[in-house]
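**Student:** What follows is each chain in one-letter form.
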Amino acid sequence: MIRVQREDFDIGVELDRLAAGNRRIGGIASFIGLVRDLGGGERVSALTLEHYPGMTEKKLAEIELEAHRRWPLDATLIIHRYGRLEPGDRIVLVATASPHREAALAACHFLIDWLKTDAPFWKSEETPQGDRWVEARPDDDAARQRWTSGREAEDP
Amino acid sequence: MIRVQREDFDIGVELDRLAAGNRRIGGIASFIGLVRDLGGGERVSALTLEHYPGMTEKKLAEIELEAHRRWPLDATLIIHRYGRLEPGDRIVLVATASPHREAALAACHFLIDWLKTDAPFWKSEETPQGDRWVEARPDDDAARQRWTSGREAEDP
Amino acid sequence: MKILYFAWLRARIGCAEEEVRLPPQVRDVAGMLDWLRSRGGGRAEALQNPAIVHVAVNQDYVDLDHPVREGDEVAIFPPVTGG
Amino acid sequence: MKILYFAWLRARIGCAEEEVRLPPQVRDVAGMLDWLRSRGGGRAEALQNPAIVHVAVNQDYVDLDHPVREGDEVAIFPPVTGG
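So the protein sequences, as listed, match chains U, R, Y and F. Residue numbering for the first sequence follows the numbering used here, starting at 1 and increasing by one per position. Residue numbering for the second sequence follows the numbering used here, starting at 157 and increasing by one per position. Residue numbering for the third sequence follows the numbering used here, starting at 313 and increasing by one per position. Residue numbering for the fourth sequence follows the numbering used here, starting at 396 and increasing by one per position.
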């Protein structure tokens with residue numbers, strides 16, 4: 001399931017709902033991204049997340065579908081927030097549920113890696129030197145790349 | 157932090173507490189293990205987890221320390237339950253918090269893999285054919301092995 | 313045709329969305345970008361580095377040789393930084 | 396010396412904990428297991444397959460050549476299945 005929203009979310013509620021009533025599920029892996037108070041060595045007092053409504057949902061749905069194609073997953077959830085957020089605030093939740101722990105863990109890792117490079121979100125940071133747009137990290141491209149070279153079977 | 161307990165735990169509360177007040181944290185990875193209603197092809201109505209008090213805490217603390225040695229982690233949490241549990245019940249929570257998502261994800265995967273093979277817990281299942289002790293899985297040994305061959309840097 | 317700009321491209325061009333009518337000789341993304349650069353209003357400067365100018369047509373990432381047609385929804389934006 | 400048994404080893408031997416006095420010629424884990432097997436009460440059968448009998452001395456996993464001494468806490472158990 002995909003949700004793109006301004007509001008915060010409750011991790012406990014979301015993860016409980018993911019597995020609710022399904023007794024086949026043996027493992028739930030999740031990743032939560034938080035706003036940090038440092039960016040490129042400068043203090044960050046807030047972050048504004050802009051996105052491309054429509055394409056965001058489309059890309060996230062494609063990424064989710066790809067995860068289901070690669071691993072035996074009973075349920076997945078991606079929640080991504082937009083708007084103004086402060087350090088410590090939640091930005092994103094990725095969660096995967098599977099009968100098997102390896103599938104849940106690998107798919108969770110895959111989802112956040114792909115989301116980082118494929119979902120059309122942009123961050124602008126408020127710093128003492130003024131606002132500035134966050135630059136893309138080459139690390140993120142490298143992280144995505146790992147899942148396209150046919151090595152996902154040997155994760156990690 | 158290590159907790160070995162009979163009681164259930166609240167994921168939302170635990171993950172919030174893990175990052176509380178630390179604005180350096182950019183990612184929290186977690187894994188929750190649940191009781192499945194199937195084991196070795198048979199219906200499982202309940203599970204009893206036995207452990208070795210004292211050694212359990214010692215091994216979990218060693219595993220946690222090893223994770224901190226390998227990755228830049230700001231906080232880690234392992235909660236493992238014992239006693240009688242039913243399908244859908246939570247068994248274990250592993251959570252890691254780091255400034256960097258890769259460290260959080262890799263360390264979480266590492267912790268659950270090592271816990272599976274090193275922490276002295278044993279499961280007995282209640283099935284229509286009677287109670288039976290769960291057998292160790294060769295897969296779990298292989299999963300642990302990946303983290304000892306010097307390949308953790310290239311996770312996945 | 314609708315063109316959407318995001319993030320610092322939107323800020324530099326000073327426009328989030330514009331309705332344009334492509335000249336008939338413009339058939340693909342590369343041609344469209346050249347034509348947009350010639351229209352002024354900060355577009356030449358904002359769109360000059362193809363390495364950091366990404367294009368989506370009808371909400372899919374596309375390369376420079378992808379066709380563009382009247383009725384397409386085109387979006388132009390820098391590398392994404394979500395998650 | 397205290398010996399603890401867990402899981403199906405405990406169930407088969409019918410004992411969770413016993414206090415034993417090792418004969419002086421028993422110096423290591425292998426010797427201790429041999430001696431225990433000779434004591435009857437289902438121990439010979441339960442402890443026969445070394446591949447599925449793990450030993451911890453003072454709460455650390457040890458190999459068959461690890462020394463055992465009076466005062467040690469020894470635990471004997473099958474492969475673990477937690478998580």
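Misleading hints may appear alongside valid ones.
[Claimed, not checked] Per the computed footprint, the stretches of chain R lying under chain F, defined by three or more beta-carbons under 8 Å from a beta-carbon of chain F, are: (1) 170 to 179; (2) 200 to 209; (3) 235 to 249.
[As the list claims (entries may be wrong)] Pair ranges (Cβ atoms, derived): (4) Y/356 - U/84: 29 to 35 Å; (5) R/293 - Y/324: 52 to 58 Å; (6) F/453 - U/137: 24 to 30 Å; (7) U/43 - Y/324: 23 to 29 Å; (8) R/294 - Y/372: 39 to 45 Å; (9) U/43 - R/283: 35 to 41 Å; (10) U/45 - Y/381: 42 to 48 Å; (11) Y/324 - U/38: 24 to 30 Å.
[To be verified] Taking lysine to aspartate or glutamate and the DMTMM-like style, the derived pairs with C-alpha atoms no more than 25 Å apart in a straight line are: (12) R/214 - F/467; (13) U/58 - Y/346; (14) Y/314 - U/141; (15) U/58 - Y/329; (16) Y/314 - U/37; (17) R/214 - F/440; (18) F/397 - R/166; (19) Y/314 - U/16; (20) R/214 - F/429; (21) Y/314 - U/66.
None of these hints come from the bench; they were simulated from the model. Where a beta carbon is used, it is the ideal one built from N, C-alpha and C, also for glycine.
**Student:** Run the structure past the numbered hints and jot down the numbers of the failing ones, going up.
**Tutor:** 1, 6, 9, 13, 14, 16, 17, 18, 19, 20 and 21
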